[in-house]
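2 protein chains.
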Amino acid sequence: MTNGNKQASGEDSLIARYFKPLATDAGAFALDDDAAILKAQGEDIVVTTDAIVEGVHFLPDDPPDTIARKALRVNLSDLAAKGAAPAGFVLTLALREVDGGWLAAFARGLGEDAQSFACPLLGGDTVSTPGPLTVSITAFGRVGEGKMVRRSGASAGDHIMVTGTIGDAALGLDVLKGGAVAAALTGDPTGKELLVGRYRVPQPRSTLARAVRAHASAAMDVSDGLAGDLTKLCAASGVSATIDAPLVPVSAVAAGLVSRGAVTLETLICGGDDYELLCTVSEPRRSAFAEEARRAGVALTAIGMVTAGTGAPRFLDGEGGEIRLTRLSYSHF
Amino acid sequence: MTNGNKQASGEDSLIARYFKPLATDAGAFALDDDAAILKAQGEDIVVTTDAIVEGVHFLPDDPPDTIARKALRVNLSDLAAKGAAPAGFVLTLALREVDGGWLAAFARGLGEDAQSFACPLLGGDTVSTPGPLTVSITAFGRVGEGKMVRRSGASAGDHIMVTGTIGDAALGLDVLKGGAVAAALTGDPTGKELLVGRYRVPQPRSTLARAVRAHASAAMDVSDGLAGDLTKLCAASGVSATIDAPLVPVSAVAAGLVSRGAVTLETLICGGDDYELLCTVSEPRRSAFAEEARRAGVALTAIGMVTAGTGAPRFLDGEGGEIRLTRLSYSHF
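Protein chains in written order, with numbering that gives the first Met the number 0: chain D, 0 to 332; chain P, 0 to 332.
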């Protein structure tokens, strides 16, 4: 993503107009060069990349500022899960056409989030595509040398904790698609709005990154469904887990839908797009972690324990019976 | 791009099968985590990102290994132009479907290039798309602190130099599209093959990176056409330029097409996809730069001079007349 052409091409002028104001870091060279510079400042650079595709991760008529926010936030969520402080990002935008109003709103949303999460635009690429709008972001964070929190550090006896509430985003997508949840919430516009908001604009738990780094034995963000992502964390750590399903934190609107039989608990724990943090923490560190989360203003709930073995995690209902999950998580293929 | 799910999803198993072998760097954690670690090793990290889209940057029936190589090489070309040594890359692959044979060939080409250019896969993301195949790569390089070669360092009196030959790739695209070049080369399969190869698999000038860093006052890679890219470099440096067009290095097959009137010189200097380096170098450093290029085995040709002023660069024909260019370079929009 470069600019500086006196006889600016369409590509160059759209970059100058919409994205240059976001390139506030000195290493971005005002998007005026072929590459950016990222200073490590004596720390490790954490690199993560996530793309969102129109019709897959967001809907064609989602507001452009929410598309931009989601694209950045899914990456910020990964950085937080790894205990890293945001350092910047590069953006690849594949567009069918240049629509000034759309781009202005997209850039405004992106710029606001870049500022509020202290994660400046460093560079990027804009390309034309005949296909769906695709936003690909690679984000960078900094963490003390060797201090990135891995998926692989969980030990038997660790507590399993999640932030926020689980399942709202999957319900929000159903609302947007006019599915069963939309029907069940016909008289509840506020409930629908809450769920849709959770789907469109995830809340990365960046304020918890420091506490995750200090206390978590393992962590990842929940992006493809709690059940599937916990399975991945357990596999990476060589452990298993038991989850007390009634402890999984859900929003009031989601709880209402479950109690009315409109959706099952499985829908919530296997749905995608939560972008909450899943952490394991040893008993001695649990209270300090909870205290830091409280101070950071992030809800943190213990939902089960890491156990020895390599079997799939077990989700138990209120009577101690195992809930059989038919589909652990979202997969693109 | 992560793996580690015992009950692997389609996405996870395709990553494990095809891409894990490419993740040779310790910081990639065998693609088993949400993020990678990049060590700065006391240097600056250079970040560049470029995406290629089916039907725009490559053709649907291009061999998959060449698509992979091009995706990585266009980024390696940027790193070389900035004087940086490759450090690794992340890949975002937007696929319509999982085709094992296609993916195996893609991963093989990518892996061979990653190894030969010492640029290991650090991580990535695979997403499904209903649209064209899109390959987005963010690549990282290392360069001494403050030593990245900018576009903005050219001064009046500097020599302007380019590597390799200019214009072949644009002709190769015309061959693949069955255009005028294809017709003019009907009896010359070798010539067609050479041009198509230049379009499909660019040759990043990575071996010249050290010399660029040591000697060039400004540099960029030629990706959107020599004329347009030189215009950008001049604008970033606040200078102008005069190019002796007959000095612009062209391949024998391109020269033949020009002399037969099948294409014009303008086609060559305004065509895209060259991925050669455009450098400016002061008179005192010129011979040392040329000598290092010779030792690196990279053809380097002086084509003109940087001049004072802010006018567009002038391209002069053999008689000193100015060649009027109607379209400076490729633009996506």
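Treat the hints with care, since some could be wrong.
As the list claims (entries may be wrong) - Taking lysine to aspartate or glutamate pairs in the DMTMM-like style, the calculated list, with each CA pair at most 20 Å apart, reads:
1) D:Lys38 x P:Glu144
2) P:Lys38 x D:Glu96
3) D:Lys38 x P:Glu42
4) P:Lys38 x D:Asp61
FYI, nobody ran anything at the bench for these hints, they're computed from the structure.
Structure-based check of all given hints:
1. D:Lys38 x P:Glu144: Holds, at about 9 Å.
2. P:Lys38 x D:Glu96: 38 Å, violated
3. D:Lys38 x P:Glu42: 8 Å, holds
4. P:Lys38 x D:Asp61: 38 Å, violated
The structure is inconsistent with the numbered hints 2, 4, although it conforms to all the rest.
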